[in-house]
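Visitor: One letter stands for each residue in the lines below.
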Amino acid sequence: MYEWDFSPVFMNADMLLSGLLNTLKVTGSALAFGIPLGLALALLRLSPRRLLAWPAGFVIEFFRTTPPLVQLFWFFFALPILIQVEMTPYMAATLTFSIQSSAFFAEVFRGGIVSIERGQWEGARAIGMSDAQAMRRIILPQAVKRMIPAFMERAIELMKTTTLVATVSYTDLLFQANELAQKTFRPLEVFTVTALIYFVFIFCFSLLAHRLERRLAVSGETTVH
Amino acid sequence: MDYPWNFASVFANSDALLVGAIGTLRIFLICLVSGLSLGLFVGLARYSTRRALYIPASAFVEFFRNTPVLVQILWFYFALPMLVPFEISPLMAASLGISLNSAAFSAEIYRGGIQSIDKGQWEGARALGMTTAQAMRRIVLPQALKRMLPAMTNRGIEIFKMSTLASAVSYAEMLQQGKLIASLDYNPIEVYTVIALAFFVFLFPLVQATYALERKLRRSD
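Going line by line, the protein sequences match chains B and U.
The first sequence begins at 81 in the numbering used here and counts up one residue at a time.
The second sequence begins at 454 in the numbering used here and counts up one residue at a time.
FYI, nobody ran anything at the bench for these hints, they're computed from the structure.
Incorrect hints may appear among the rest.
Stated by the list, open to error - Derived list of chain B stretches under chain U, where covered just means 3 residues or more per stretch with a C-beta under 8 Å from a C-beta of chain U:
1. 187–198
2. 247–259
What the hints assert, rightly or not - Which residues of chain B face chain U? A few of them, derived with a C-beta cut under 10 Å, are:
3. Glu141
4. Trp154
5. Ala158
6. Ile161
7. Ile163
8. Pro169
9. Tyr170
10. Thr243
11. Leu268
12. Leu276
13. Phe279
14. Phe281
15. Leu288
Every value quoted in this text rests on a predicted model; they were computed, and no experiment measured them.
From the three backbone atoms N, C-alpha and C, an ideal C-beta is built for every residue, glycine too.
With the hints as constraints, model all of the structure from the sequences given.
Guide: Dropping the structure here:
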């Protein structure tokens, strides 16, 4: 029978904590770049001009249908040779997950914008707004409210996806866990604690998202089914 | 930007990539079959009114939905061997992680599909003298499965993408083979570009087919 011993894990808790902070850092940066980029892609894809809509559609479909780990490897190992810059694991991770999540965010934005009734557009135009003004002042504010649950779902997915950076040696929570397991020869305890840390974090976010979703559903404002 | 692209060494090693493609397909099929069938049982247990079934199934679903797959795979590869008396191969660890994760996600799809079926269908089945199990198997599930089809094909596509995570435990799937070729000839650009395109070319038609299916079902429902 295996004897559990968690003391080596708790003695090195600072290692896991610094890893957790880095996980949050990558998640935060990817969200900060990914959401505006996603909005831009969505607006381009909705454009009536094919010259704008098609490339945006291609970027969205490409990043949604290729595995994020392949994208990460491409940005980390291939891109630096192509454009001759040093790529740190953090930069590669932020770049990959910003673009990857922006493709998903773009579809959330698009779904939200399309869900707004035509009457809103017509009303805005009737009082003399241009398309851009109507989008900014009338459509987007209403659409964003409906998109909140889908956004939170994507943000949670993103946080789970950031574990992939451990494979390019960025010191996120999973990478630190791997190091600690090798150092202490206690992989069972280390990986169990790590899984639980992720679970507690992500589960709390999920609960929050569900609660918000229910509240918005009561007022009839949601795009999640 | 004037990098001299040279795909020759990728094609010279295409047999290694082929081995990888077979590895990817193998892990995909294992996880698809075991994940989706286990998911059905978990989904039914979650739908059950018996607490002895409902509570463990819910805990399973919440745990596997709210932890990253890569953490699960590494747990099965590095941690589980301390508890069991046999060796865990990379294929086993990766399949366990991805299958259980997919089971948790698909359980929610099954549950949602079953719940979406009109109450009248249950009542009608019972009026004909069917037991709950018979009504589920003969009346409710067949209708629910049709509605779940788009969500299930999406899951399948996700599983295919997740199969690349097996490279983290050195299982010889496409990406792992790509890593080997890249380290052999130092040509990561060409190798990873080819692999990304291969995934795209394979999955893009499936994604489009899913969209078409969604539209078709929406019209018929």
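Visitor: State for each hint whether it applies.
Guide: Hint check:
no. : hint    : result
1   : 187–198 : violated (count 0)
2   : 247–259 : holds (count 4)
3   : Glu141  : holds, 7 Å
4   : Trp154  : holds, 4 Å
5   : Ala158  : holds, 4 Å
6   : Ile161  : holds, 6 Å
7   : Ile163  : holds, 7 Å
8   : Pro169  : violated, 15 Å
9   : Tyr170  : violated, 18 Å
10  : Thr243  : holds, 4 Å
11  : Leu268  : holds, 4 Å
12  : Leu276  : holds, 8 Å
13  : Phe279  : holds, 5 Å
14  : Phe281  : holds, 9 Å
15  : Leu288  : violated, 12 Å
The structure shown violates the earlier hints numbered 1, 8, 9, 15.
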